[in-house]
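Colleague: Produce the complete structure using the sequences and hints provided.
Chains as they are written, first to last, in numbering that gives the first Met the number 0: chain W, 0 to 167; chain G, 0 to 167; chain X, 0 to 167; chain A, 0 to 167.
Misleading hints may appear alongside valid ones.
As the list makes no split between identical chains, a pair holds if one copy fits it or if it spans any two.
What the hints assert, rightly or not - EDC-like, lysine to aspartate or glutamate: derived pairs with alpha carbons at most 20 Å apart:
hint	residue 1	residue 2
1	K29	D125
2	K29	E158
3	K115	E51
4	K64	E151
5	K64	D125
6	K47	D12
7	K47	E17
Honestly, the hints are just simulated from the structure, not real lab data.
4 protein chains.
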Amino acid sequence: MRRRQVTVIGSSDCGFVEEAYLIGKHIAQKGWVLISGGRGGVMESASKGAHEEGGIVVGILPFEKHHHANEYCDIVIPTGIGFARNLPNVLAGDAVVAIGGGAGTLSEIAYAWQFKRPIIACSFCDGWGRRIAAHPPDNRGGKIFEANTLEEALRILDETMERVVQYD
Amino acid sequence: MRRRQVTVIGSSDCGFVEEAYLIGKHIAQKGWVLISGGRGGVMESASKGAHEEGGIVVGILPFEKHHHANEYCDIVIPTGIGFARNLPNVLAGDAVVAIGGGAGTLSEIAYAWQFKRPIIACSFCDGWGRRIAAHPPDNRGGKIFEANTLEEALRILDETMERVVQYD
Amino acid sequence: MRRRQVTVIGSSDCGFVEEAYLIGKHIAQKGWVLISGGRGGVMESASKGAHEEGGIVVGILPFEKHHHANEYCDIVIPTGIGFARNLPNVLAGDAVVAIGGGAGTLSEIAYAWQFKRPIIACSFCDGWGRRIAAHPPDNRGGKIFEANTLEEALRILDETMERVVQYD
Amino acid sequence: MRRRQVTVIGSSDCGFVEEAYLIGKHIAQKGWVLISGGRGGVMESASKGAHEEGGIVVGILPFEKHHHANEYCDIVIPTGIGFARNLPNVLAGDAVVAIGGGAGTLSEIAYAWQFKRPIIACSFCDGWGRRIAAHPPDNRGGKIFEANTLEEALRILDETMERVVQYD
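Modeller: In structure tokens:
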């Protein structure tokens, strides 16, 4: 029986360190595996939060070598496929939490929508995580849930993960 | 000396058939190679336009078999990498023309921006081609040019292709 | 500090169930993460062995959905990139154990060699795991270690993993 | 109606320049599109041969930029997916000609076999193109035709391309 997995997406160079950290902690407390792109910024902060709670942290890298991952990753998948790794990164999540984010995050949101992974869009952080809540990618029935506060994001994530079997 | 290449992106199931067709014709008249995702809708219409002008039409498919391409493709690359093919599809273009488009197109716009392929955003067609003109993916200096009419799109494309060497 | 990872490769439809199972058990006993392609045959048997020892088992699938993995995977990465996933599958390993195997395994061996992941080639099982020991892919200095018995395979694996930092 | 396509594979750093050049010429003379990995060695020589005959030459690169292709490519697909591009490279061929080759070529032969692209194995050049003729990847019914001379390679290629519709 596999574990439940949550992918956290967001920029490698932006703020929202505290929010990502707390979401990472929450994911580990629930016993879910944290998936991220394995790099800095939002990815590193979420990884740190999950790691400190003793959770399993997976980093899915664009590059070919393990050591490019942030130090909080327990398991590293150096894909060697460049930024095409944005696709496996979001496919791996039973749910995807979007915190801030620029172009890289935008491609991940688009893929998550296309493959019907539920997206928790943190509209309390500036970036595509906020903007996409107001502009769903298209009308083909992906799932985006807007969270106006951190507490709301955690609550929606909990509810979404209870329904995971639907998306599998 | 390689030929100049223009990628046309947009939905496989939407309208904007006439606009895509005329842009495809223009690309072939200029002697540029038309690149697309090789499927229906905008991709097929642009391919038809370029094909009728005797241009070279390339379809970059998600799938493993050549015959999934639309009938106007001269050259078919069945990538076998699923929708990760959105990355090579836009990387192949010296410029990218976005006509309408949903989630798939959105991931392509995001990749084109990330890798600094200039994007001609057709704001005269509804979809991400329009929306992205008002919301550039992030502040890292990709290039999006908004075109309010078909004529403007062709003019901006011509100007962009003259400067192609800058992006190579 | 990330955990050490071992990728086990081999066919989804062949024998060598017992050998793969015992190697999987050994990997978990050592505290290493087992990586595989997440499907049946050798992959499933190794996963079962590691799972029964309480190890962490990761399946890296070609497909888009989690439920295509075998039942012993704790963590599933549905890559969505088809059999291009053979590249991340072997890049993820600090070492790669090849047990039997046909064309899919052969592409994985070739990639492991190209990216200098050390390969333990089980010549006590028929297939590419055996044949490659006699025919290294080329002269560019990858690493293949031939194991003539299961015990030898485990011993070489242990020695290889002690030197992992060299390959990172 | 798309054009017929032949992928030529082989090392970027080995000999067999003359053989690859002549095969490239033949492909163009027949009106087929030459596909290759777009780099040096065998790829460049085949590209040069086809280019000089006025054929269309496509280079499918691992990298993100067009200018990494050899100078004889008319059309360049910079995939951005690293050496996972070995998969689209061989899938693009209606037939695959293997000339010499090391680990990279070996992964391409394995993929071509897996997806039933017919392989013309040039056993008159040392490398995997020769070795694979004696050791087909597995028993799942891919197609490898051994050619003992250049003339035989061209004859088998002609016969194979006449039957292309079977493989589509």
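Colleague: When no copy is named, should K29 and E158 be tagged within, between, both, or neither for a Cα gap of at most 20 Å?
Modeller: Classified as within; 12 Å inside a copy, 37 Å across copies.
Colleague: How would you classify K29 and D125 at a CA-CA limit of 20 Å: within, between, both, or neither?
Modeller: Neither. Shortest intra-copy (26 Å) and inter-copy (42 Å) distances fail the 20 Å Cα cut-off.
Colleague: Measure nothing new, just compare the shortest in-copy and cross-copy C-alpha distances for K47 and E17 to 20 Å and report within, between, both or neither.
Modeller: within (10 Å within a copy, 39 Å between copies)
Colleague: How would you classify K47 and D12 at a CA-CA limit of 20 Å: within, between, both, or neither?
Modeller: within (16 Å within a copy, 40 Å between copies)
Colleague: Pop the pair K64 and D125 into one bin, within, between, both or neither, using alpha-carbon distances up to 20 Å.
Modeller: neither (32 Å within a copy, 31 Å between copies)
Colleague: For the identical chains here, do K115 and E51 meet the 20 Å Cα criterion within one copy, between copies, both, or neither?
Modeller: Neither. Shortest intra-copy (30 Å) and inter-copy (33 Å) distances fail the 20 Å Cα cut-off.
Colleague: Between the shortest in-copy and the shortest cross-copy C-alpha distance, which are at most 20 Å for K64 and E151: within, between, both, or neither?
Modeller: neither (37 Å within a copy, 28 Å between copies)
Hint check: violations occur at hints 1, 3, 4, 5; the rest are consistent with the structure.
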